[in-house]
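Undergrad: Letter by letter, the chains look like this.
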Amino acid sequence: MATINATININSTDLTSNPIALSKTMTMTKAGTRTGLEFTSGLVRRKLTSQTTIDLVTVGAQMYGTPTASKANKLYVKNTGSSTADYIEIAIGDSTGDPAPGEELLATAGASFITLGRLYGGEWMLIPFEGTTDNDIIVTPSTSEATTIEWMLFFE
Amino acid sequence: MATTTNTLLLESTDLFDDSLSISNTSTCYKAGTTTGLDQTTGLTRLYATSVTQFDPFPAVKDATNRVKNGKVYIANLSEDETEFITVSIGDAVIGKLYAGDFLWMPYSPKASLSSDIEITPSVATGMFIEFMAIHDFANIYPDSIDTRVYPDA
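These protein sequence lines are chains H and Y, in that order. The numbering of the first sequence is this note's numbering, which starts it at 23 and goes up by one. The numbering of the second sequence is this note's numbering, which starts it at 2 and goes up by one.
Treat the hints as calculated values from the structure; they're not laboratory data. Computed from a predicted structure; not experimentally measured. For each residue, glycine too, the CB sits at the ideal point set by N, CA and C. Be a bit skeptical, because a hint or two may be false.
[Said to hold, decoys possible] Facing chain H, a subset of chain Y residues (Cβ under 10 Å, in silico):
(1) 7
(2) 51
(3) 102
(4) 112
[Said to hold, decoys possible] One side of the interface only, derived from the structure: several residues of chain Y facing chain H at Cβ under 7 Å:
(5) 8
(6) 12
(7) 31
(8) 41
(9) 83
(10) 90
(11) 91
(12) 94
(13) 97
(14) 99
(15) 124
[Claimed, not checked] Here are the simulated EDC-like pairs of lysine to aspartate or glutamate, each with C-alpha atoms no more than 20 Å apart in a straight line:
(16) H:52 x H:178
(17) H:52 x Y:81
(18) H:69 x Y:82
(19) Y:111 x H:108
(20) H:46 x Y:117
(21) H:52 x Y:84
(22) Y:31 x H:178
(23) Y:62 x Y:18
Next comes chain Y alone, as it looks inside the complex (with noise of 0.2 Å):
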């Protein structure tokens, strides 16, 4: 098993009268046990120089993930505060990061053509973006090329 740890800190001085000072550290766990996630996608920095959507996990093929206990982290590197990231789960917009904004959230893939997370880049003309998972998934991998048909084979 490995260790890892999540820490959260959220200032603020001036959202309220009184400061605002929330600090919290998680460690990953396997779902329901004390055993560390043990696998990630490792983290990945992509230039995007597309509008178009993509998958920045592969399809989550499996059944028995649906219980697990991924994490998922994805930041937005560009440097330019109009442009933004749509972070979607299947049909579901979750939200948008801006300029240097990252999130973290649980990702447990309950149905696999309708649980995949998509990034799409609001402009073409190239933004940085960083992802990684952390997670005990079962058969993530792509499918080798060899293993498809095409219809011209």
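Looking at chain H on its own, in the form it has when it is part of the complex (with noise of 0.2 Å):
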């Protein structure tokens, strides 16, 4: 096993009429028990210079093993750029199928997909991963600039 801490501090002076200061800290452990996660995918760097929508993280079998589904995986994505105009979108479901993805509509397996929100340049997220079938991570650049995005996934 290996021990992986997860840190978030979110802080703001302003925000509200009182400071906010939250701090919390997690260890990645597997599902229902307190021994850590073991297994990751590394952390990939892609660079795309297109506005195609792709599936980030895939899942089941990859390269770097089979992540369990419906365990406590974790995935941690960046956009590495520095703009604050251009940005990835994330969205949940399977980017492909034909026809082609009712877009917020994941009722129609395998072929459609939610969208979570936006990572602007320089912003990540950290998400627990489902991993079951149809249930891929999809990114949409909003520019055909270069867009560098970095990936880890955590799981057992």
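Put the two chains together into one complex; each comes in its own frame, and the hints tell you how they fit.
TA: And the structure:
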């Protein structure tokens, strides 16, 4: 087992009339245990140069292993750019299918997705990763200018 | 405008032969600008005593919110490692947060009926959950109950 710690700090002195100073640390453990996650995709770096939608993180067997679905897997994604105008849009579902995916309607299995949100330059996210069928993580850049994304999956 | 920063530290000394250390800090800006997000739900602390799915934030009703750059924080404060919450958006399961886990994710609700974030506790024996959205959404407040029309009214 390994010990992987993630700490988030959210701070603001003027979002509300009283300061916000939130700090939370989690140790990534296997589902239902105190044993640490021990597998990872490694830190993946991809450069996208079109506005084409891609499956950034796909479920099932991968070169780095096979994440077990419905466990305590965690996914980190960062838009490494610095632009406050360009972004990547993150969705969950499946970007492939015929007919074309029906956005925001996941009920049609295998050909649809639901948008989580945007990561502008420098922004990151850390979410659990379910990894079940048709639950890929999908990315669409807002620009055809080079956009570099880093991501890392921690799994069991 | 407000200035809200978020920082992530990802560290491990034994996941690899070499140490892992990732550090990121960003500022919560409105979409496409350097103007800070200026609204928040506040940090809610909820004691859930049912396995019934619930929406931690009101349904987002305004179509303009689809292009916003909101952020969401959710944490499972349970100390029992077997307890988890399942976090979903619409019909899509994002994943499970076990005891002590948190998530930080962007939130641009594209469809008022299928972009709602949902939480489902795994047990009904009581579990503390925290959540907060930082955003600039329009019209996310619930309808006043006085404006609803009921069949027996």
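Undergrad: Taking the closest Cβ pair, is residue 112 of chain Y under 10 Å from chain H?
TA: holds (4 Å)
Undergrad: Under the criterion of a CB-CB separation shorter than 7 Å, is residue 41 of chain Y in contact with chain H as hinted?
TA: holds (6 Å)
Undergrad: Given the hint that residue 52 of chain H pairs with residue 84 of chain Y, does the C-alpha gap stay at or below 20 Å?
TA: holds (12 Å)
Undergrad: Given the hint that residue 52 of chain H pairs with residue 81 of chain Y, does the C-alpha gap stay at or below 20 Å?
TA: Since the Cα atoms of residue 52 of chain H and residue 81 of chain Y sit roughly 13 Å apart, the hinted pair holds (cutoff 20 Å).
Undergrad: Would you check whether residue 94 of chain Y satisfies its interface hint, that is, whether its CB is within less than 7 Å of any CB in chain H?
TA: Holds. Min distance 5 Å.
Undergrad: Is the shortest C-beta separation between residue 12 of chain Y and chain H less than 7 Å?
TA: This interface hint holds because 5 Å falls under the 7 Å limit.
Undergrad: Quick check on residue 91 of chain Y please, does its C-beta sit within 7 Å of some C-beta on chain H?
TA: holds (5 Å)
Undergrad: Return the status of the interface hint for residue 90 of chain Y: holds when the least beta-carbon distance to chain H is below 7 Å, violated otherwise.
TA: At about 5 Å, which falls below the 7 Å cut-off, the nearest Cβ of chain H leaves the hint on residue 90 of chain Y intact, so it holds.
Undergrad: Verify the interface restraint on residue 51 of chain Y: the C-beta must sit less than 10 Å from at least one C-beta of chain H.
TA: violated (20 Å)
Undergrad: Against chain H, run the beta carbon of residue 102 of chain Y and see if the smallest gap drops under 10 Å.
TA: holds (5 Å)
Undergrad: Return the status of the interface hint for residue 8 of chain Y: holds when the least beta-carbon distance to chain H is below 7 Å, violated otherwise.
TA: Since the shortest Cβ distance to chain H is 4 Å, the answer is holds.
Undergrad: Holds or violated: residue 69 of chain H with residue 82 of chain Y, Cα cutoff 20 Å?
TA: violated (38 Å)
Against the hints set out earlier in the document, violations occur for numbers 2, 7, 15, 18, 20, 22, 23.
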